[in-house]
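Hey, can you work out the whole structure from these sequences and the hints?
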Amino acid sequence: MTSPAESTAQVKLQRLWKGTLFVGIGGGYVLLVAMLFVYHGWRAALLALFLIGVSQFFRYIANDVDRIGWRMSNEPSDEAVGETTKRYQRRMLVALAGLIQALNLALIYQAYHLGDLRWMLPMLLGLVLIEVLYSRIRSVNRRVEFEEASYGFKDRGPLTRGPEAMRASNQARLDRKLDELKALADEGLISETAYEKARDKHRIRSVMDEP
Numbered sequence: 043m044t045s046p047a048e049s050t051a052q053v054k055l056q057r058l059w060k061g062t063l064f065v066g067i068g069g070g071y072v073l074l075v076a077m078l079f080v081y082h083g084w085r086a087a088l089l090a091l092f093l094i095g096v097s098q099f100f101r102y103i104a105n106d107v108d109r110i111g112w113r114m115s116n117e118p119s120d121e122a123v124g125e126t127t128k129r130y131q132r133r134m135l136v137a138l139a140g141l142i143q144a145l146n147l148a149l150i151y152q153a154y155h156l157g158d159l160r161w162m163l164p165m166l167l168g169l170v171l172i173e174v175l176y177s178r179i180r181s182v183n184r185r186v187e188f189e190e191a192s193y194g195f196k197d198r199g200p201l202t203r204g205p206e207a208m209r210a211s212n213q214a215r216l217d218r219k220l221d222e223l224k225a226l227a228d229e230g231l232i233s234e235t236a237y238e239k240a241r242d243k244h245r246i247r248s249v250m251d252e253p
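With the first letter of the sequence shown counted as 1, position 74 gets the number 116 in the numbering used here; the numbers rise by one all the way through.
Be a bit skeptical, because a hint or two may be false.
Stated by the list, open to error - Listed below are the simulated SDA-like cross-link pairs for lysine to any residue, each with C-alpha atoms no more than 20 Å apart in a straight line:
1. K219 x S49
2. K239 x R218
3. K219 x E234
Hints listed in this document are in silico derivations from the structure and should not be mistaken for laboratory results.
Shown next as structure tokens:
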């Protein structure tokens, strides 16, 4: 059975990996825009930057929709979420994914318009690689329960500050989960009874994990 310390370490490593993927994605986008700026001027770079920026807004929304779907499937609840809600969530996710890919196609078309296949193929390859990295992030999100990415700055976590910091970190994580569950209850996505049961379960587990 995995110990609390090992679980915390695994989550931290996965969050660092998530941060690494985001850095790679950011670097890829910067490289594409910089190449357009150097070889085709600021107008082409500005248009590409606009398309990328809009796609990031759609990705942010899609991530939240994906998180809600994951919560509906994994959080304890006395009342099963209706198929209508699940279908709506899936359709919304598909629609957002379609909008993101439409913006990617616009970037590819822009590259083709600027330099035929010599520019279209590198742009296509770069965007495919970025999409692969985003798919890895989606997988990591499920392993860390959609916790935020970490970028390896000064570590104030449990592995460097001892047991007291570990308990504080676990308590902060528990508080975030309860806040998210409360928000779902307020939105009507889960019942108030289900929220209270999950809250009590998390609090009991927190007490039992204390030395």
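Would you mind confirming whether the straight-line C-alpha gap from K239 to R218 stays at or under 20 Å? Answer holds: K239 to R218 is near 16 Å, not above 20 Å.
Hinted pair, alpha-carbon criterion (20 Å max): K219, S49. Please report holds or violated. OK: K219 and S49 at ~16 Å, within 20 Å.
Can the restraint linking K219 and E234 be considered satisfied, given a maximum Cα separation of 20 Å? holds (15 Å)
Every hint from the earlier list agrees with this structure, and none is contradicted.
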